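Work out the full structure: start from the sequences and follow the hints.
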Amino acid sequence: MRISRTARVALCCVTAAGLAIVYVPLLLVLLNSVNTDRSFGWPPSGFTGRWWRAALHSEGARQALLTSLKAGLAATAIALVLGTLAAYAVHRHRFFGRRTVSFLLVLPIALPGIVSGIALNAAFRTVLDPIGIGFGLFTVVVGHATFCVVIVFNNVGARLRRIAPSLAEASADLGARPWQTFRYVTFPAMRSALFAGGLLAFALSFDEIVVTTFTAGPGTRTLPIWIYENLARPHQAPVVNVVAALLILASVIPVYIAQRLSSDTAGGRL
Amino acid sequence: MPAAPTPGSRLRLTALLAPPLLWLTLAYLGSLAVLLLSAFWATDSFTSDVVRTWNTDNFHELLTTPVYRTIALRTLSIAAAVTVVDALLALPMAFFMARVAGRGWRRPLLVAVLTPLWAGYLVKAYAWRVMLGENGVVGAALAPFGLHGPGYGTTAVVIVLAYLWLPYMILPVYAALERLPERMLEASADLGAGTWRTLRSVVLPAVRPAVLAGSVFTFSLSLGDYLTVQIVGGKTQLLGNVIASQVTLDLPMAAALSAVPVVLIVCYLAAVRRAGALDSL
Numbered sequence: 009m010r011i012s013r014t015a016r017v018a019l020c021c022v023t024a025a026g027l028a029i030v031y032v033p034l035l036l037v038l039l040n041s042v043n044t045d046r047s048f049g050w051p052p053s054g055f056t057g058r059w060w061r062a063a064l065h066s067e068g069a070r071q072a073l074l075t076s077l078k079a080g081l082a083a084t085a086i087a088l089v090l091g092t093l094a095a096y097a098v099h100r101h102r103f104f105g106r107r108t109v110s111f112l113l114v115l116p117i118a119l120p121g122i123v124s125g126i127a128l129n130a131a132f133r134t135v136l137d138p139i140g141i142g143f144g145l146f147t148v149v150v151g152h153a154t155f156c157v158v159i160v161f162n163n164v165g166a167r168l169r170r171i172a173p174s175l176a177e178a179s180a181d182l183g184a185r186p187w188q189t190f191r192y193v194t195f196p197a198m199r200s201a202l203f204a205g206g207l208l209a210f211a212l213s214f215d216e217i218v219v220t221t222f223t224a225g226p227g228t229r230t231l232p233i234w235i236y237e238n239l240a241r242p243h244q245a246p247v248v249n250v251v252a253a254l255l256i257l258a259s260v261i262p263v264y265i266a267q268r269l270s271s272d273t274a275g276g277r278l
Numbered sequence: 366m367p368a369a370p371t372p373g374s375r376l377r378l379t380a381l382l383a384p385p386l387l388w389l390t391l392a393y394l395g396s397l398a399v400l401l402l403s404a405f406w407a408t409d410s411f412t413s414d415v416v417r418t419w420n421t422d423n424f425h426e427l428l429t430t431p432v433y434r435t436i437a438l439r440t441l442s443i444a445a446a447v448t449v450v451d452a453l454l455a456l457p458m459a460f461f462m463a464r465v466a467g468r469g470w471r472r473p474l475l476v477a478v479l480t481p482l483w484a485g486y487l488v489k490a491y492a493w494r495v496m497l498g499e500n501g502v503v504g505a506a507l508a509p510f511g512l513h514g515p516g517y518g519t520t521a522v523v524i525v526l527a528y529l530w531l532p533y534m535i536l537p538v539y540a541a542l543e544r545l546p547e548r549m550l551e552a553s554a555d556l557g558a559g560t561w562r563t564l565r566s567v568v569l570p571a572v573r574p575a576v577l578a579g580s581v582f583t584f585s586l587s588l589g590d591y592l593t594v595q596i597v598g599g600k601t602q603l604l605g606n607v608i609a610s611q612v613t614l615d616l617p618m619a620a621a622l623s624a625v626p627v628v629l630i631v632c633y634l635a636a637v638r639r640a641g642a643l644d645s646l
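Sequences listed follow chains Y and R, in order. Each residue of the first sequence is one higher than the one before, counting from 9 in the numbering used here. Each residue of the second sequence is one higher than the one before, counting from 366 in the numbering used here.
For the record, the hints were derived by calculation from the structure and aren't laboratory data. Take these hints with a grain of salt, some might be off.
[Said to hold, decoys possible] For each label pair, taking beta carbons as the anchor points, the in silico distance ranges come out as:
no., chain 1, residue 1, chain 2, residue 2, range
1, Y, V260, R, R468, 43 to 51 Å
2, Y, E237, R, L401, 25 to 33 Å
3, R, A383, Y, L81, 23 to 31 Å
4, Y, A15, R, D422, 53 to 61 Å
5, R, L401, Y, V17, 34 to 42 Å
6, R, S410, Y, A62, 42 to 50 Å
7, R, N420, Y, I141, 25 to 33 Å
8, R, A571, Y, V17, 45 to 53 Å
9, Y, H243, R, R377, 54 to 62 Å
[Stated by the list, open to error] Over 10 Å on every C-beta distance to chain R, these chain Y residues come out as not near it, computed from the model:
no., residue
10, F55
11, Y96
12, G121
13, A258
Here the structure is a predicted model, which is why all the values come from computation and not from measurement. Every residue, glycine too, gets a C-beta built ideally from N, C-alpha and C.
And the structure:
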């Protein structure tokens with residue numbers, strides 16, 4: 009297809025403008041974290057490192073970060089196991105209801121967070137509460153794992169479609185047991201997809217706020233919940249800005265790792 | 366690909382499927398069932414306690430109260446608008462990234478689109494609140510042209526939601542365009558098709574499932590959002606806000622209200638699945 013020079017330039021401009029709009033808010037958050045003003049005004053009145061020092065000593069932010077890490081790691085671990093099993097079943101077997109299984113797996117991220125959130129909330133209240141399991145980190149992990157499974161499922165599934173089944177067949181022909189085939193043939197080929205899926209699942213859990221709001225007890229505060237609670241408090245605003253700026257800076261790391269890892273899973277699929 | 370089912374492989378399949386299905390059924394479908402069930406319960410208006418007596422009052426109220434209809438329609442149109450805006454932005458951007466930019470540029474551009482996904486939903490929504498505010502950058506940038514920013518309200522909600530979900534649309538469209546074989550485009554040109562004809566008859570049909578897959582995210586995420594609305598929506602009320610505010614006061618009503626997005630999404634998913642979009646999700 010021939011694309012005229014004008015069209016090329018126009019497309020380039022649209023992309024550049026799109027990316028500029030994507031980055032302007034993020035740059036402003038960074039700028040704002042060193043702004044002397046407590047409330048954000050434009051243009052900034054001066055620069056200071058004060059808020060960064062305050063944020064680094066904020067006990068609330070540190071606790072929230074720790075809770076987020078715990079919840080994210082636990083949810084990712086569960087999602088890795090369940091998602092891989094499901095991907096194996098759906099992509100290596102033919103069975104009745106195969107499409108229904110994929111549909112079911114997509115449902116938790118396809119339905120709005122608020123619906124999943126209050127559904128889990130209602131279920132925990134009616135089922136778990138009476139048997140003595142209150143809202144807390146456990147309920148948050150259950151909620152997060154549920155929508156993280158599909159991320160791992162997608163990544164591992166995409167990889168399984170690319171690994172020729174003949175490899176596993178050859179391994180079996182050479183006398184390997186199913187478990188040995190998995191350990192020496194399939195798993196090494198899937199490793200980077202598992203890692204990319206786990207990374208995405210962790211990110212999704214780390215950023216999730218709606219489901220968390222409805223599944224966390226009053227004492228359980230993840231980082232997004234902490235940010236949301238402190239957005240409304242004027243004297244906390246500078247510290248929230250620094251945490252936001254830190255999150256933006258830290259976001260480069262997982263993207264870099266995911267890109268290094270694999271081209272077909274981390275980049276092309278969510 | 367898979368061998369004919371033998372007793373051994375059937376056993377293995379059961380072992381593979383049981384844990385994820387058990388989890389999904391217990392944790393998710395079970396919860397949805399409880400939610401649906403509680404929509405048929407009532408609430409004591411004095412104590413806000415749930416009264417477990419079967420009735421359809423909530424659905425009756427939902428269908429007969431004009432306010433709910435207005436809010437549902439408003440939510441639906443905002444979700445549709447966000448999806449259209451994202452599709453219109455994502456198509457040229459993804460096309461440039463996948464087919465026009467030099468090979469060495471594709472990866473960096475993709476990374477540039479991906480990175481903001483990790484920067485945090487709240488951080489970005491809040492950045493827009495600051496930008497759209499009274500002394501915000503948007504106002505400052507538009508002032509020389511004698512224009513005003515949209516301020517907080519419905520327009521701001523559409524802008525911010527479209528901003529937040531844009532990568533979810535660009536990614537699948539980019540992947541589809543990248544997979545499109547060059548031969549097909551050449552064949553189209555050889556058969557005498559001009560650029561527009563090729564775009565319309567070859568490129569668009571190829572990216573359609575990807576756009577639909579992306580739209581599942583943009584549509585569903587917008588349909589349920591209530592935080593962005595709280596942050597930049599001013600007085601705008603969407604379904605998500607009404608549901609969120611009812612959860613502690615009147616859980617049965619909140620449950621009945623959430624049936625609206627669920628029905629909308631399930632219909633949408635069913636429609637989109639026919640177009641093969643779920644396979645490229």
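Verification of the supplied hints:
| no. | hint | verdict |
| --- | --- | --- |
| 1 | Y/V260 <-> R/R468: 43 to 51 Å | violated (23 Å) |
| 2 | Y/E237 <-> R/L401: 25 to 33 Å | holds (31 Å) |
| 3 | R/A383 <-> Y/L81: 23 to 31 Å | holds (24 Å) |
| 4 | Y/A15 <-> R/D422: 53 to 61 Å | holds (59 Å) |
| 5 | R/L401 <-> Y/V17: 34 to 42 Å | violated (54 Å) |
| 6 | R/S410 <-> Y/A62: 42 to 50 Å | holds (46 Å) |
| 7 | R/N420 <-> Y/I141: 25 to 33 Å | holds (30 Å) |
| 8 | R/A571 <-> Y/V17: 45 to 53 Å | violated (24 Å) |
| 9 | Y/H243 <-> R/R377: 54 to 62 Å | holds (59 Å) |
| 10 | F55 | holds (17 Å) |
| 11 | Y96 | violated (5 Å) |
| 12 | G121 | violated (5 Å) |
| 13 | A258 | violated (8 Å) |
Of the numbered hints stated above, those contradicted by the structure are hints 1, 5, 8, 11, 12 and 13, listed in ascending order.
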